[in-house]
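Asks: Below are the chains, spelled out letter by letter.
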Amino acid sequence: MTVNSAARIGESSTGKRSDFLQRYSTLVVLVLMFLGFSIFVDRFLTPFNLSNIFQQIAILTIVGAGLTFGFAAKEIDLSVGYTVGLAGILAPVLLVDGWPLAVVLVAVLASGVLVGLVNGFLVTRIGIPSLIATLATGSILFGINFLLTEGRAIYGGIPASYLALGQGRIAGIPNLAFFMLAAVLIAWFVMERTVFGRYIYAVGGNQKAAELSGVRITFYRMAALVLVSVFAVVAGALLAARLGSGQPNVGERYLLDGLATVFIGMTMFRPGTATILGTFCGALFIGVINNGLNLIGMDTYVQNIVKGVIILIAVAIVSRTTKLNLL
Amino acid sequence: MAVTLSDIVMDFPGTRALDHVSAEFRFDEVHGLVGENGAGKSTFVNVLGGSLRSTEGQLALDGQQIRLDSPHDALLRGIAHVSQEGSLVPTLTGAENIMLGAEPRLPGGIMRRRALRSSAQEVAKKWFPQLDLPLDRPVIDLPMAERKVIEILRALRGNIRLLILDEPTATLEAREKRQLWEIIRSLPQNGVGVVLISHFLSEVVELSDRITVLRDGRQVATLDRSEVSEAKLTDLMLRREAGMAASDQRPVAAPAETGECVLSLRNWQAGSVVMPEFDLHSGEIVGLIGLTGAGHFGFARSLYTHQGVASGSIFVGGQAVAGKGIRVMQRAGVALVPDHRMENALAGDGSVVENLSMVHPQFAASRGVINRRRERAEAARIIGQLNVKTPSQNQLIRNLSGGNKQKVSIGKWLYGAGDRYRVLIFIEPTEGVDIGAKREIYTLMRQLAARGAAILIASSDLGEIAQVCHRAIPFVHGSPQPGISAGEFSESRFISAISGEAA
Numbered sequence: 001m002t003v004n005s006a007a008r009i010g011e012s013s014t015g016k017r018s019d020f021l022q023r024y025s026t027l028v029v030l031v032l033m034f035l036g037f038s039i040f041v042d043r044f045l046t047p048f049n050l051s052n053i054f055q056q057i058a059i060l061t062i063v064g065a066g067l068t069f070g071f072a073a074k075e076i077d078l079s080v081g082y083t084v085g086l087a088g089i090l091a092p093v094l095l096v097d098g099w100p101l102a103v104v105l106v107a108v109l110a111s112g113v114l115v116g117l118v119n120g121f122l123v124t125r126i127g128i129p130s131l132i133a134t135l136a137t138g139s140i141l142f143g144i145n146f147l148l149t150e151g152r153a154i155y156g157g158i159p160a161s162y163l164a165l166g167q168g169r170i171a172g173i174p175n176l177a178f179f180m181l182a183a184v185l186i187a188w189f190v191m192e193r194t195v196f197g198r199y200i201y202a203v204g205g206n207q208k209a210a211e212l213s214g215v216r217i218t219f220y221r222m223a224a225l226v227l228v229s230v231f232a233v234v235a236g237a238l239l240a241a242r243l244g245s246g247q248p249n250v251g252e253r254y255l256l257d258g259l260a261t262v263f264i265g266m267t268m269f270r271p272g273t274a275t276i277l278g279t280f281c282g283a284l285f286i287g288v289i290n291n292g293l294n295l296i297g298m299d300t301y302v303q304n305i306v307k308g309v310i311i312l313i314a315v316a317i318v319s320r321t322t323k324l325n326l327l
Numbered sequence: 001m002a003v004t005l006s007d008i009v010m011d012f013p014g015t016r017a018l019d020h021v022s023a024e025f026r027f028d029e030v031h032g033l034v035g036e037n038g039a040g041k042s043t044f045v046n047v048l049g050g051s052l053r054s055t056e057g058q059l060a061l062d063g064q065q066i067r068l069d070s071p072h073d074a075l076l077r078g079i080a081h082v083s084q085e086g087s088l089v090p091t092l093t094g095a096e097n098i099m100l101g102a103e104p105r106l107p108g109g110i111m112r113r114r115a116l117r118s119s120a121q122e123v124a125k126k127w128f129p130q131l132d133l134p135l136d137r138p139v140i141d142l143p144m145a146e147r148k149v150i151e152i153l154r155a156l157r158g159n160i161r162l163l164i165l166d167e168p169t170a171t172l173e174a175r176e177k178r179q180l181w182e183i184i185r186s187l188p189q190n191g192v193g194v195v196l197i198s199h200f201l202s203e204v205v206e207l208s209d210r211i212t213v214l215r216d217g218r219q220v221a222t223l224d225r226s227e228v229s230e231a232k233l234t235d236l237m238l239r240r241e242a243g244m245a246a247s248d249q250r251p252v253a254a255p256a257e258t259g260e261c262v263l264s265l266r267n268w269q270a271g272s273v274v275m276p277e278f279d280l281h282s283g284e285i286v287g288l289i290g291l292t293g294a295g296h297f298g299f300a301r302s303l304y305t306h307q308g309v310a311s312g313s314i315f316v317g318g319q320a321v322a323g324k325g326i327r328v329m330q331r332a333g334v335a336l337v338p339d340h341r342m343e344n345a346l347a348g349d350g351s352v353v354e355n356l357s358m359v360h361p362q363f364a365a366s367r368g369v370i371n372r373r374r375e376r377a378e379a380a381r382i383i384g385q386l387n388v389k390t391p392s393q394n395q396l397i398r399n400l401s402g403g404n405k406q407k408v409s410i411g412k413w414l415y416g417a418g419d420r421y422r423v424l425i426f427i428e429p430t431e432g433v434d435i436g437a438k439r440e441i442y443t444l445m446r447q448l449a450a451r452g453a454a455i456l457i458a459s460s461d462l463g464e465i466a467q468v469c470h471r472a473i474p475f476v477h478g479s480p481q482p483g484i485s486a487g488e489f490s491e492s493r494f495i496s497a498i499s500g501e502a503a
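Top line first, the protein sequences correspond to chains H and G. Its first residue numbered 1, the first sequence is counted upward by one per residue in full-length UniProt numbering. Its first residue numbered 1, the second sequence is counted upward by one per residue in full-length UniProt numbering.
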C-alpha cells in the first residue's frame, strides 16, 4: 500500500476555493434539497413532519454513529445489520419470557459487546481483514436470528413501558429523537474531545505510525469494533420497541443505509475521514430525501434509485480531489 | 535539439509557484535543477512533463511551439518523467515492468510472454549493454538501484529524447549511486538529455553539464559546469541565510565522556547484528553508518521495537529494562523518529495538531477529556520551537513540505513530553528534507543533546554524520566496527570503514 502517493500538486498550498467546495458541497446539496422540498411540497415544512423525519432517521443515525467509530479506525463491520436484528429479537424474546426490563437491557448490551469482541478478536488476533471477518460473522448472526425466532415474528406480551421507548413522544417530540441526539452527542464527544477518540483516529490514520508512537493498536481496533456492535444493539432494541415486535430480518437494511450515512459523511468537514457530525448529516440527507420523495408520492423503489444517484453524485464531487481511503 | 521553456509562470490559488522561469534543456546534456523544497523544482518539471499547464509562458521543441496537455502528450513528444516515489508494480518482473502498457499481444489481448521478454531484453541491451539485469525476477526482490534502472528503461522504451529524473538516488546507498551515475552520464551520449533534480549537490555538480538554480519560484541562475561548486550552489539556493551558514556547519566538539551513561547494551543480538557492548552517554550524538544491508538501521530500530532481538540486555539510566517492546522502551525514556515518515510516523490525512499529539494526547487532557486550549497552546509551542511552516494547526500533514513533515515527526516526541526522552533514535532523519530544514534539525539535535539527551542517528548521508555526530560507529555485514571520533571524521575514512577495509 502506498501511503506516500497523496497527490502533491507541485509544491504549493492547497487552493482555498476547491477546499471549500470539497468540504461543504454535500452540505449545500442537503440544504438545497431541504429548501426545495420546503417550497414545493406543502406538507414538508411542518413541525409534525420534521419531527417525523427525526423519528425516521433516529435508528439509522445510531447505527451510523457506531459505524463511524469503525471507519475512523479503518475497520468496516458488515455484520452490523444482523447485530441490529439480533438485539431486535433478543429484547422481545426475553421480555415475552418475563425477564425484567432492566435485565433485558443489560443482556442486550452484553450481546453487543460479545459480538464486537468476537469481531475484534478475529480481526486483531487472528488477523482476518474486518471486511471478510464480519461478512462471515454477519452470516452466522443471520442464522442465529432465525434460530431464535424460528423464522417467525414475535408479537404480544411486550410490556407497554418498553414500547414507549420507541413510540412515545415528549412535548410532541418523538422519544427516538432524544435517543438519537444522545447517541450523536456521546459519540461526538468521545471522538472529538477525548484521548480515546484521538487514538482511534490515529490507528485509522496510520496504523504503523500509531504503533511506533506507542498506541495500543490492538486494543483500539478492538474497541472500535465493540462500539460498532454496541451502538447497533441499542439501535436494534429501539427498533423492536418502535415496531412492537421482534422480526428476524428487519436489521438487514441498516447495513447498506448505515454505510451510506458514513460515506456521505466522509465527503464533508474532513473529506476522506469519517466524522460523527458528517455521519449525522449523512443520515439527515437520507432522511430528507426519503421523506420528501414520500410526500411527493414517489414509489419506494424509485426512491431507492434517486437516493443511490444522489449519493454517487455527492461522493463523486469529493473523489475528484480527495482519495476516500475506505480500507 | 532541445526543449525550451520560456517565461513560465505558474499560479496556484494564493501562491505563485513559478515566476517567469526559463530554461533550455538540450538533448546532449545533463541539466541539473536545484533548489530548496518549495523552490518550484517539482512544479517546473511537472510543466515540462505535461502534468501541469502553466498559467503563462511557452514551450518549444526544436524551436517549434508545442502544447502539452498530459504526461501522455509529453511522452509522444519524447519527454518522459521518472518520479521520485517510483512507479513500478512490485510483484511484476523487470521485463513486465519495462513493457508495462505496451505488451506484445495476440488478437484478443492475449499476452505473448516470450516476445515480451525479448523486447524488454532488447531495450535493456540497447541502452545499457554493460548491465546484466535480472529481468525475470519480481522487482520487489531487486536492490533499489536495479529498480531505478528498470524504471528508467521503461521511460526510455519509447522514442525518448528528454528524461526527467526526480531524486533518482534518494534511496540508494553510496556504491549503488555510483552505478546509477554511470548510467545517467551515458544517456546524453546516446542522444537523450537528462533533467536531474537532486538534493545531493555533490551529485548535481558531478553529473551536470549545466545547472539551473531556483529559489522561491524564481530562477536565480543557470550556470555552466565550469562555474559551479557545491558551496556556490548552496549559497545561491539559500542566499538569505548565507550569513549564519558557516558557524552552523562546524561539528560540535566531543563532550567529555563524563556525562552519565543513559543507554547500555550487553550482548545485544538483533537480526544479523551482534553488539557485545555499547554505551551511550548523556549529551552525546552518535552516528551509525554502513552500506545498505550492513544492519545499522535494523539495529537502531531494534533498540526501540525489540524486533528481531534474540538475546541481550538493555539498560536505560543504569536500570535494566524489564519487558520488551515499544511501550516498555517508551516508558523507559527512549524515542524513535523512524525513516519513511509517511509510512511510519505520520497520518497524512490528519492535521498538524493531531499528529503532534499522537504520542502524548493525555498531556492536554484530564481524565481522558482533552482541553483544546491546552492542546493548541502546546502544539503552538512545538510548532514555534521547530519552526514548522504551516498556515494553521489544522492543515493536513500531506499538504506540508518534506522538511516540515519531518519536523512534525520529531515534534511528536517533544509535545507534552518535557525532557522525558533521554534517548532519541533517528533513522534517516533528513531524507527528502531541504537544506534549510536540515540545518534546523541538526541544530535541534544539538540542543537536545546539550539538555542532556543522548542521540543515536542511523543515516546513509555521511555528510550529515560528519556534521552533527561526536562519534560514528561503522557497521560491516552486521558487525559493528571500532568507533571513529569526530576528530578523525572524513569522507574517505568513513568510506573505507564501512566497506570493511582496515583503517
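None of these hints come from the bench; they were simulated from the model. Predicted model only: the values in this text are computed from it and were never measured. Careful: at least some of the hints might be erroneous.
[As the list claims (entries may be wrong)] With a cut-off of at most 27 Å between alpha-carbon atoms, the simulated BS3-like pairs for lysine-lysine come out as follows: (1) G:K126 with G:K177; (2) H:K307 with H:K208; (3) H:K208 with G:K389; (4) H:K74 with H:K307; (5) G:K389 with G:K324; (6) H:K208 with G:K232.
Asks: So, for every hint listed, does it hold in this structure?
Replies: Taking the hints in turn, this is what the structure says about them:
1. G:K126 with G:K177: holds (22 Å)
2. H:K307 with H:K208: Between H:K307 and H:K208 the Cα gap is close to 37 Å, so the pair fails against 27 Å, i.e. violated.
3. H:K208 with G:K389: The given pair, whose Cα atoms are some 25 Å apart, holds under the 27 Å limit.
4. H:K74 with H:K307: holds (25 Å)
5. G:K389 with G:K324: Violated, at about 37 Å.
6. H:K208 with G:K232: Violated - the C-alpha atoms of G:K232 and H:K208 are around 41 Å apart, more than 27 Å.
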